[in-house]
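Undergrad: In the order they appear, the protein sequences are chains D and R. All letters in the first sequence, in the order written, are residues 313 to 425 by the numbering used here. All letters in the second sequence, in the order written, are residues 190 to 302 by the numbering used here.
No lab work stands behind these hints: they were computed from the structure. One or more hints might be untrue.
[As the list claims (entries may be wrong)] Simulated pairs of lysine-lysine, DSSO-like, Cα-Cα distance not exceeding 27 Å:
no., chain 1, residue 1, chain 2, residue 2
1, R, LYS260, D, LYS373
2, R, LYS233, R, LYS256
3, D, LYS380, R, LYS233
4, D, LYS373, R, LYS256
5, R, LYS230, D, LYS373
6, R, LYS230, D, LYS361
7, D, LYS361, R, LYS208
Read off the chains here:
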Amino acid sequence: AQSVTQPDIHITVSEGASLELRCNYSYGATPYLFWYVQSPGQGLQLLLKYFSGDTLVQGIKGFEAEFKRSQSSFNLRKPSVHWSDAAEYFCAVGARTGNQFYFGTGTSLTVIP
Amino acid sequence: DTAVSQTPKYLVTQMGNDKSIKCEQNLGHDTMYWYKQDSKKFLKIMFSYNNKELIINETVPNRFSPKSPDKAHLNLHINSLELGDSAVYFCASSHRQVNTEAFFGQGTRLTVV
């Protein structure tokens, strides 16, 4: 069965510091992988996605993620965090046959001045 | 132009009532979903419809009944509301056959009192 694990429930970083959010997935085949961000009171906005090809993908707002098949991971990174990045971040896996999207439990990011 | 729109944004109602949440997408997608986000931010898929046909029906009480009059609309009707139904409900849509992500609405915060 497919599943997504985000080991960090909450992360606090200083503004300007680098960020890495972890995501591990379990899936029977190569999945589609996504990172979404949810600001307070808002819906989910796609940050980036991986379908195939280059394992390092660039997204919006300066985010990137690296797909590592051997580790079943898809970690999200940003070299310098801004206060506006404070939000909830969700990793998701999507099936290649038929559309099913399954989400991790989310990581809440706090940015301190 | 809003891609996936839900109404209402907020819904407060008493236990035992019946309520509906409407969702419309103008993206030309053929698959639509309902997700429930609980107080811990966990996103759980409830239903998935493809071209008005029910594809996924997770373990959701039968008090929840999705209705898809056409592929641009997926409404959620909830009978005999319970306190535990309080959550944020998200509608989403995607293409089934195309490599793409799910697009989300802004959510409906349902509070049952």
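Undergrad: When the hints from earlier in the document are held up against this structure, which numbers fail?
TA: Hints 1, 4, 7 contradicted; others consistent.
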